[in-house]
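Chemist: The primary structure of each chain is shown beneath.
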Amino acid sequence: MRHGFKWLLFALAIVAARAFAQDPGAEHAPDTMQARVLACAACHGRQGQGTDSDYFPRLAGKPAGYLYNQLVAFRDGQRKYPPMNYLLAYLPDPYLRQIATYFAAERPPFPALAASSAGGDVMATGQTLVTRGDPGRHIPACASCHGSALTGMEPAIPGLLGLHADYISAQLGAWRYGTRTASAPDCMQEVAARLSDGDVTAIAAWLSSRPAPADPVPVPHGTLKMPLACGSEPK
Amino acid sequence: MSGVRVRIFQTIRRRTLASLCVAAVLSASAISSRAASANDASTIARGEYLARAGDCIACHTMPGGKLFGGQRPMATPFGTLYSPNISPDRQTGIGKWSAGQFYAMMHTGHSSDGSLLYPAMPFAAYTKVTRADSDAIFAYLKSVPPVRLANRVHDMRFPYNNRSLLLGWRTLYFREGEFQPDTAQSVEWNRGAYLVQGLGHCSMCHTAINALGGSSESKAFEGGLIPMQAWYAPSLTSNREAGLGEWSIEDITSLLRTGVSRRGAVYGPMAEVVYDSLQYLSDDDIRAMAVYLKSLPPHGGEATPPSATASEEKDRLFPLGGKIYDAQCATCHGAKGLGKLPDFPPLANNQSIQMTSSVNPIRMVLNGGYPPGTGRNPRPYGMPPFAQSLSDEEVAAVVTFIRTAWGNHGTAVSARDVSELRSAPLD
Numbered sequence: 001m002r003h004g005f006k007w008l009l010f011a012l013a014i015v016a017a018r019a020f021a022q023d024p025g026a027e028h029a030p031d032t033m034q035a036r037v038l039a040c041a042a043c044h045g046r047q048g049q050g051t052d053s054d055y056f057p058r059l060a061g062k063p064a065g066y067l068y069n070q071l072v073a074f075r076d077g078q079r080k081y082p083p084m085n086y087l088l089a090y091l092p093d094p095y096l097r098q099i100a101t102y103f104a105a106e107r108p109p110f111p112a113l114a115a116s117s118a119g120g121d122v123m124a125t126g127q128t129l130v131t132r133g134d135p136g137r138h139i140p141a142c143a144s145c146h147g148s149a150l151t152g153m154e155p156a157i158p159g160l161l162g163l164h165a166d167y168i169s170a171q172l173g174a175w176r177y178g179t180r181t182a183s184a185p186d187c188m189q190e191v192a193a194r195l196s197d198g199d200v201t202a203i204a205a206w207l208s209s210r211p212a213p214a215d216p217v218p219v220p221h222g223t224l225k226m227p228l229a230c231g232s233e234p235k
Numbered sequence: 001m002s003g004v005r006v007r008i009f010q011t012i013r014r015r016t017l018a019s020l021c022v023a024a025v026l027s028a029s030a031i032s033s034r035a036a037s038a039n040d041a042s043t044i045a046r047g048e049y050l051a052r053a054g055d056c057i058a059c060h061t062m063p064g065g066k067l068f069g070g071q072r073p074m075a076t077p078f079g080t081l082y083s084p085n086i087s088p089d090r091q092t093g094i095g096k097w098s099a100g101q102f103y104a105m106m107h108t109g110h111s112s113d114g115s116l117l118y119p120a121m122p123f124a125a126y127t128k129v130t131r132a133d134s135d136a137i138f139a140y141l142k143s144v145p146p147v148r149l150a151n152r153v154h155d156m157r158f159p160y161n162n163r164s165l166l167l168g169w170r171t172l173y174f175r176e177g178e179f180q181p182d183t184a185q186s187v188e189w190n191r192g193a194y195l196v197q198g199l200g201h202c203s204m205c206h207t208a209i210n211a212l213g214g215s216s217e218s219k220a221f222e223g224g225l226i227p228m229q230a231w232y233a234p235s236l237t238s239n240r241e242a243g244l245g246e247w248s249i250e251d252i253t254s255l256l257r258t259g260v261s262r263r264g265a266v267y268g269p270m271a272e273v274v275y276d277s278l279q280y281l282s283d284d285d286i287r288a289m290a291v292y293l294k295s296l297p298p299h300g301g302e303a304t305p306p307s308a309t310a311s312e313e314k315d316r317l318f319p320l321g322g323k324i325y326d327a328q329c330a331t332c333h334g335a336k337g338l339g340k341l342p343d344f345p346p347l348a349n350n351q352s353i354q355m356t357s358s359v360n361p362i363r364m365v366l367n368g369g370y371p372p373g374t375g376r377n378p379r380p381y382g383m384p385p386f387a388q389s390l391s392d393e394e395v396a397a398v399v400t401f402i403r404t405a406w407g408n409h410g411t412a413v414s415a416r417d418v419s420e421l422r423s424a425p426l427d
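Residue numbers (this note's numbering), protein chains in the order written: chain S, 1 to 235; chain Y, 1 to 427.
Don't take each hint at face value.
Said to hold, decoys possible - Lysine-lysine pairs mimicking DSBU-like chemistry, simulated, CA-CA at most 35 Å apart:
hint	chain 1	residue 1	chain 2	residue 2
1	Y	Lys-142	S	Lys-80
2	S	Lys-225	Y	Lys-66
3	Y	Lys-323	Y	Lys-336
4	Y	Lys-142	Y	Lys-66
5	Y	Lys-294	Y	Lys-336
6	S	Lys-80	Y	Lys-66
Think of the hints as simulated: they come from the structure by calculation, not from any bench.
Predicted model only: the values in this text are computed from it and were never measured.
Using the sequences plus the hints, can you model the full thing?
Modeler: Here you go:
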């Protein structure tokens with residue numbers, strides 16, 4: 001009899017616990033990074049794949065160190081884009097590191113980008129600058145730091161594929177005009193300052209015309225001997 | 001004491017009697033100087049804590065810049081002010097100040113050279129700070145690395161660039177005097193009142209600012225639009241706004257310390273306050289502030305019945321708003337607006353959404369936002385921005401929906417209200 005009473009209590013406790021668990025007010029947010037970065041997904045896509053908008057870049061697969069540097073730069077104002085500056089203003093370094101690591105590890109398919117209307121001459125100029133640079137004007141090839149496959153290098157040099165032409169030209173413009181800056185020596189500022197408007201258009205058009213890379217993974221740190229010093233890279 | 005004894009025994013083991021005598025003398029002097037420096041260290045530590053409570057860093061340090069180097073621009077309706085360098089640099093900071101001059105500045109709003117401070121420096125609140133606390137803050141400021149950075153000249157429009165006008169402002173709005181405890185209240189309540197009214201300078205935002213840049217004591221904590229930032233600082237006295245009369249102490253302390261709670265999260269300028277200041281305060285102090293805030297007598301902010309046009313607007317926008325809500329918002333905030341606590345805030349019965357001012361809910365939908373990352377909530381969940389994907393009409397519809405669904409008592413908002421806030425500053 002005492003035994004039966006215990007069982008009854010036990011059964012009642014389970015029923016009560018279930019009823020409590022089903023209380024909609026007791027539902028919790030999923031304990032995942034994906035749920036935490038929903039605020040990023042609105043513009044960059046759930047996996048950081050980018051969206052149709054020209055100015056919201058792909059984040060997925062870029063090196064974590066690069067993404068982290070950008071998050072810190074937006075938070076502290078070295079990169080200026082008010083909606084990003086605002087969102088990140090009160091997030092601490094370790095969390096920004098986790099957000100960067102999350103998007104760096106994502107591997108969504110590359111988007112099909114709109115075909116460029118640029119002519120053959122422009123494309124040829126773009127290809128030359130990206131793959132060989134212009135030694136006469138001291139412009140290094142993009143590929144010399146971003147890799148021959150243009151997928152970037154660990155830990156802090158981004159891949160350049162899967163980005164809209166308007167985004168690439170806006171970033172090169174921002175380097176030239178100083179609204180986008182990085183730790184000194186600011187190598188991208190130095191390179192961008194040597195580019196003409198025509199160079200920027202050509203580079204952006206050719207890069208955005210490239211197909212998705214077979215292997216999107218950035219090359220390991222130290223693979224490439226860089227032609228100039230960059231403050232964002234580890235010493 | 002026992003530590004000293006252990007050290008002496010170890011010394012006896014290791015040394016001869018002769019050298020023990022020397023060691024005893026040395027250690028005696030070491031102990032006395034250690035006691036003095038421990039005293040200084042504890043004053044400095046207390047000063048650092050109080051400087052956190054006063055949130056000095058928010059205005060006197062550029063984001064990512066050198067601690068207390070100043071130069072942070074502060075837009076006001078009268079021009080732009082640049083916060084001064086308060087590091088201990090002797091040329092450009094406060095290295096030559098005395099503790100007395102620092103207290104006079106906090107207490108009376110006069111700088112060390114006698115000039116009048118603009119009230120962007122919350123001396124109307126800091127005047128309540130005790131001399132001992134002011135001295136501790138000064139000791140802390142003197143202990144940080146000096147920053148050689150000359151102050152930027154303020155960029156105030158005529159006639160506000162004439163500081164003698166501040167005499168008029170002071171006559172109207174400044175009451176000098178340290179905090180006087182209310183003996184009818186508990187020690188805890190008085191501690192909370194001291195922090196909220198003094199170092200916390202909560203009234204800077206939560207009391208309406210009038211055309212002269214002043215806030216009237218009779219309107220204390222009744223809320224108001226923060227000039228130039230286009231965020232509405234809700235009333236702390238009206239239960240229809242952020243009045244905390246109906247909140248539990250646990251929910252208030254959770255909001256202040258972690259940035260999130262079961263009733264809602266902090267955002268906008270209040271996120272900065274939690275990030276830079278409140279998360280560092282002790283449990284006792286946060287609780288004291290909560291006890292005081294909860295006790296503020298409710299007044300003002302009575303519901304006004306919506307006008308006929310507002311009702312028509314609501315009926316027109318509500319169905320579209322409901323559709324957008326189900327598609328975009330319900331996953332996190334729940335079909336019935338109950339949220340998933342504390343990370344996805346509830347919208348039903350959330351005061352912040354139903355207030356007479358619709359500025360904050362519109363801005364949250366347009367700009368999204370993260371609560372601050374704090375020691376107790378290091379990985380907050382973020383609200384996505386919708387400015388890039390919803391039209392003015394759609395934002396108006398969904399904000400109208402959440403302000404009026406589930407028994408919420410807000411009123412409709414218009415596409416024009418939304419349009420005006422699209423250009424609101426984000427920094």
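Chemist: Hint by hint, say whether it matches the structure.
Modeler: Tested hints:
1. Lys-142/Y with Lys-80/S: holds, 33 Å
2. Lys-225/S with Lys-66/Y: Roughly 34 Å separates the two Cα atoms, so the pair holds.
3. Lys-323/Y with Lys-336/Y: Within the cut-off at roughly 13 Å; holds.
4. Lys-142/Y with Lys-66/Y: holds, 15 Å
5. Lys-294/Y with Lys-336/Y: holds, 28 Å
6. Lys-80/S with Lys-66/Y: Holds, at roughly 19 Å.
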